[in-house]
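Last residue of the first sequence: 1668 in the numbering used here, with the numbers rising by one and none dropped.
These aren't lab readings, by the way, just hints derived from the structure by calculation.
Note that the coordinates shown come from a computational prediction; the quantities given were computed from them, not determined experimentally.
All residues carry an ideal CB built from backbone N, CA and C; glycine is no exception.
A couple of the hints might just be wrong.
What the hints assert, rightly or not - Simulated restraints, written as ranges between beta carbons of each label pair: (1) S1118 - E1203: 21 to 27 Å; (2) T1427 - K1511: 39 to 45 Å; (3) E1130 - E1203: 24 to 30 Å; (4) Y1321 - D1661: 45 to 51 Å; (5) R1269 - T1647: 56 to 62 Å; (6) L1629 - Q1356: 46 to 52 Å; (7) L1423 - N1667: 28 to 34 Å.
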Amino acid sequence: MKEDNETETRSESKSFIESFIEADLKEGKNGGRIHTRFPPEPNGYLHIGHAKAICLNFGMARKYGGKCNLRFDDTNPVKEEIEYVDSIKEDIRWLGFDWEEREYYASDYFGKLFDFAVELIKKDLAYVDDQPADVISSQKGTPSQPGIESPFRKRTASENLNLFERMKQGEFDEGSRVLRAKIDMTSPNMHMRDPIIYRIIKSSHHRTGNTWIVYPMYDFAHGQSDYFEGVTHSLCTLEFEVHRPLYDWFIDQLKSDDYRPRQIEFNRLNLTYTMMSKRKLLELVREGNVSGWDDPRMPTLCGLRRRGYTPESIKRFVDLIGYTKVEAINDISLLEHAVREDLNLKAPRVLGVLNPLKVIIKNYPRDKVENVELVNNPEDESMGSRIVPFCNEVFIEQEDFMESPPNKFFRLAPGMEVRLKGAYIIKCEGFKKDEKTGNIEEVYCTYDPATRSGEHASEKKVKGTLHWVSARHAVDAEVRLYDRLFNHEDPSGQKDDDYRKFLNPASLKVLNGCKLEPSLKSAKRLEKFQFQRLGYFCVDYDSTESKLVFNRTVQLKDTWAKINK
RNA sequence: UGUCCCGUAGUGUAAUUGGCAACACGUCUGAUUCUGGAUCAGAAGAGUCUAGGUUCGAGCCCUAGCGGGACAACCA
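All chains should be built: construct the whole structure from the sequences, respecting the hints.
Structure (structure tokens):
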């Protein structure tokens, strides 16, 4: 496999899944073959929960020298669209995984599955039921009460064969008949109570068009598809644990030798302050609570990408949380840690002021401009340096000046000195204040010419260093600040409250008139930077040459904010 | 009146598969720093849901409780 070749940081300890796989290998099962698959339904965009499954399936194949298929579980033409197929492929590739030529679809197996259903009928293990959905459902019983048998359960094989064939020919209406496996209506496992395996659907399928009138249910397609593909380890989430006996039952009827896929269930990914339900994410999009599937506040892979997350940071996060059988809820701060860790090494530093406050350096020549050199990334010398213009008027952050500062405020205040990053030490001599609003409008300073960065006399120490931008050279930008989409740790897990109630009204804050250093003018879409002292930012899709737009990926850690609380 | 799964610091995971619990995030110190970032050094924090049992010895095994979750779509 080629996939990606960056060195991946893997935790030393094995997950229970790896232990199972290694035990199977040791036993010599399947001739030492490892084959997994990632089986999404193309009915929505992938989210970070899917990333966990993708990393597992492709990761196990890579680790044990096996293969991983991409298979679309497209058994319900009503919900599935080609748009989703394309986005899913894009997202998997973005994460850095490659299914090579093994792009499969459950719909590839419709013929085989139909034949298998016919086999079951012939073995008297399936029958056509003429009852409507609500009746079938009521006969199913409840988890604590057994079901009762359908009056059509005793139909003869030839009658069933005839009926099923006519269902296929389109002779019957949607919902009028289904094919059911004949298993056990009294089973304590609901999935074994004569599950429906085929239904009539008369809409066009995104791949097979109008070829089929009857479609297999997921439960009838999934396990067999794994079997057809030679999958050795079917890794899926915990909720499919109760389906496993059913899948095994089907494979028992189907298999011709010792080979059978082994299903292993793991915990799904839950993140605090968001939710993973595709249905609810779709609602957020439809109801306009976000701008789309790729809104940077969404937990979707396209949303995270637009937000400025790197594939490496997502894979790292997935690696950190691990795979277990415990239903856990992971702290979003760990995800944020993972991006910071990655971007700290990769993102060039730049100067950008979000809420500008003008500083006038009175003793600096009005017509003078100096080029100061700034290191692009102190973590990586090979990233070089750049030139930034400096003059007598600069912008600093509003919150970096206080008229009467508290203790330990290492920034600018009357009489105090700070260094302007890469330039000079300045001292505050006065300021202009709007007496009505209390707003500080300008700050007046003097600079010490002997303190230019890099020169000998610059040994002078000051407590604080501020980021700044030359007022005469700055480029304007819009900056979008994001906060968590919900203000509840588990917005969709509240019995009595709809998740919409917990939408964070301040999850998006748009700042205009932000001042950035001129080098940013040529920044390209999705390019990532660290705005020094502020956080990591990337260029949004809406950015144009005439109007720069940045998204804040995540803030830098801010111990001052913590002290200040 | 069911079946299945799970229960280890605040959170997420470990524990050579029986030898007195480790790591990451977070938190708190201190050092360092031209980013209150990063880095470095250190600290606090669980005695492993409860009660029995087996054993020289149990987070790991057994039993019973308790707690949490999944399962009743012609969805996947």
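What hints, given by number in increasing order, does this structure fail? none
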